[in-house]
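A.B. asks: Listed below are the residues making up each chain.
There are 2 protein chains.
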Amino acid sequence: MIPPAHLLDFLKREDSFIIAAHLSPDGDALGSALALSMALEKLGKRTLLLCRDSVPEHYLFLPGYERFCTFDTAVSSGIAIQEFRNLILVDCNEIKRTGMERSVLAYLTFQASAVIDHHETEKEFGDFKWVAPDIAATGMMIYYLIKALGIAVTKEMAINLYTALIVDTGNFRFENTSPEVLVVAAALTEAGAPPHLIHRELNESWSEGRFKLFIKLLNTIRIEDGIAITTITKRMFEETSTSPDDTESFVSFPQVMKKIRVAILLREVSENDYKASLRSRGAINVARIAESFGGGGHKNAAGCNIKADIETARAGLIRQVKEQMNEG
Amino acid sequence: MIPPAHLLDFLKREDSFIIAAHLSPDGDALGSALALSMALEKLGKRTLLLCRDSVPEHYLFLPGYERFCTFDTAVSSGIAIQEFRNLILVDCNEIKRTGMERSVLAYLTFQASAVIDHHETEKEFGDFKWVAPDIAATGMMIYYLIKALGIAVTKEMAINLYTALIVDTGNFRFENTSPEVLVVAAALTEAGAPPHLIHRELNESWSEGRFKLFIKLLNTIRIEDGIAITTITKRMFEETSTSPDDTESFVSFPQVMKKIRVAILLREVSENDYKASLRSRGAINVARIAESFGGGGHKNAAGCNIKADIETARAGLIRQVKEQMNEG
Chain E
0 MIPPAHLLDF LKREDSFIIA AHLSPDGDAL GSALALSMAL EKLGKRTLLL CRDSVPEHYL
60 FLPGYERFCT FDTAVSSGIA IQEFRNLILV DCNEIKRTGM ERSVLAYLTF QASAVIDHHE
120 TEKEFGDFKW VAPDIAATGM MIYYLIKALG IAVTKEMAIN LYTALIVDTG NFRFENTSPE
180 VLVVAAALTE AGAPPHLIHR ELNESWSEGR FKLFIKLLNT IRIEDGIAIT TITKRMFEET
240 STSPDDTESF VSFPQVMKKI RVAILLREVS ENDYKASLRS RGAINVARIA ESFGGGGHKN
300 AAGCNIKADI ETARAGLIRQ VKEQMNEG
Chain Z
0 MIPPAHLLDF LKREDSFIIA AHLSPDGDAL GSALALSMAL EKLGKRTLLL CRDSVPEHYL
60 FLPGYERFCT FDTAVSSGIA IQEFRNLILV DCNEIKRTGM ERSVLAYLTF QASAVIDHHE
120 TEKEFGDFKW VAPDIAATGM MIYYLIKALG IAVTKEMAIN LYTALIVDTG NFRFENTSPE
180 VLVVAAALTE AGAPPHLIHR ELNESWSEGR FKLFIKLLNT IRIEDGIAIT TITKRMFEET
240 STSPDDTESF VSFPQVMKKI RVAILLREVS ENDYKASLRS RGAINVARIA ESFGGGGHKN
300 AAGCNIKADI ETARAGLIRQ VKEQMNEG
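These protein sequence lines are chains E and Z, in that order. According to numbering that gives the first Met the number 0, the first sequence is numbered sequentially starting from 0. According to numbering that gives the first Met the number 0, the second sequence is numbered sequentially starting from 0.
So here's chain E without its partners, still in its complex pose:
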């Protein structure tokens, strides 16, 4: 895969870049931004890594993570943001996804902008765009960029990019695990990324509270006609000293069962107010179901809010899922 020449020229020609990740950053956004920053600095460029939110705790093993600034820390620590003359959006393709507010944007005086992303888009933002929805992770694109720029992949870059890859391919389990993904993973491992240690950091760093929350959640499971519904109440968070951040990946766990076609997690936000996360496999479109409750998302992963008591919420969801199953 060869990145577009206009983007390569832009990166070679300019001297300073703000690299911005999207809000609520994941491993692909963080790893991609960090590796790109490291690569550009090898070329003698100056970079500033920006993200609205601070780096989540389970990504604090990423080499260089401490170089990420939130807008506030960038301003308060006296970084001359205006000196960075170009903006690169990574793993997103519009300013809105970075969560930058007007007051922040006013600080930015970039002369040109680039977009490097693998999400589908109709967006107009960006002077130099590389948007490739067929590529499994933005981290793959950054790898191709680094190679095209003639830079050797360091161990630090490799760990960041390997993390990006496995986060966006579900550790090589999702349908987007193409031969190219595995070829790049091999090259990154060769360059020093240790798969087993990265796996341990990402997936084996639960607190005891999180484990206990998981057990409580499993104990609530209701299974009906291929639909599994689990529930988390506010009291469960209190009893286990955990927060909604600790529920990542919980929704999909019941899919280990062969017969489960749709998995739903209902999380109590406040009394008679639930956030529903929906996951499906194959043809069943959970975005449609979420939309019928005013939410949205992708075909196999979506979410919505439901203002009702738990029994009404469950019954309403099951009714909609069954309708969708009959249509599918």
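Hints are computed from structural coordinates only; laboratory data are not their basis. Since this is a predicted model, take the numbers as computed values, not measurements. Among the hints, erroneous ones may be present.
Straight-line Cα separation of at most 25 angstroms, DMTMM-like style, residue types lysine to aspartate or glutamate; simulated pairs [stated by the list, open to error]:
1) K258/E - D308/Z
2) K258/Z - D245/E
3) K258/E - E247/Z
4) K258/Z - E200/E
5) K257/Z - D25/E
Got chain E sorted already, so can you dock chain Z onto it with the hints?
C.D. replies: Below, chain Z alone, put in the same frame as chain E:
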């Protein structure tokens, strides 16, 4: 990686082979044997696939699995076993590991034998041996063999070998996930192995009973000083219509917690008789602990039987683990 010339010559020269997998076969043994059989048949050879045990249910998606014979079915279906003039042991390196009894061995009149295995060994069996403990899976060795024989890898071979690879590398999470493993995985995916579908067959085919057994097991967890102990009673199997086969991988689940250094699963065999499975990470040697109860295994995965009531069994194990931790 180039297989030894003597083995390649043997495979090219001879016309008929019994390919035997070890007893209690796993994905590496089954996938390797099946792919090797398919490859040799492309060269016009005749092969007979033998295993003492029938193919476990969760491997019934492997292309060609139905060609495996147990010794009994091979004899009772009138296959002229004596016509197969050579024996190849796959994923094991001694006759004992195949579970063949004397009465079965009497049927075999092979003139020469080969061994293709990645387990460490001091064993003397085999006229043509290729034993490579540094290679993550026997499936990798079969892939190199197929390439060296100049045979194109078919989709059916690729699915078998990809399964072998991910079973023995924990889906690319174990320390043996080398760049070579990922390079071969990429080639197999290119040849038609679909990672997401193989993952689903292997890891997302639990019965509802197995899921309920898993919840019951989690509810028994006791955590103390980095040691997690879970318990399964005979009654739990009855209540969920499951069997010990359904507990695969349960022992290691508590290792999702960062602080867990040793995970133990105690399974009731009969009254006051428990089978203990032990898992550790890094330096702690659970084989030593198992040995102190008359069992054995590897450094990070071992097992033993304990004849005691549950509280005594737990206390004894915790005492031994703590001693091992202090030594380590």
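A.B. asks: Each hint: holds or not?
C.D. replies: Consistency of the hints with the structure:
For the hint linking K258/E to D308/Z, the alpha-carbon distance of about 37 angstroms lies beyond 25 angstroms, and the restraint is violated. With a CA separation close to 16 angstroms, the supplied pair K258/Z and D245/E stays within the 25 angstroms bound. A hinted pair counts as satisfied when its Cα atoms are at most 25 angstroms apart, and K258/E with E247/Z qualifies at roughly 19 angstroms. Under the criterion of a C-alpha separation no larger than 25 angstroms, the hint pairing K258/Z with E200/E is consistent with the structure, at around 12 angstroms.
About 20 angstroms separates the Cα atoms of K257/Z and D25/E, which keeps this hinted pair within 25 angstroms; it holds.
Checked against the numbered hints above, the structure violates only hint 1.
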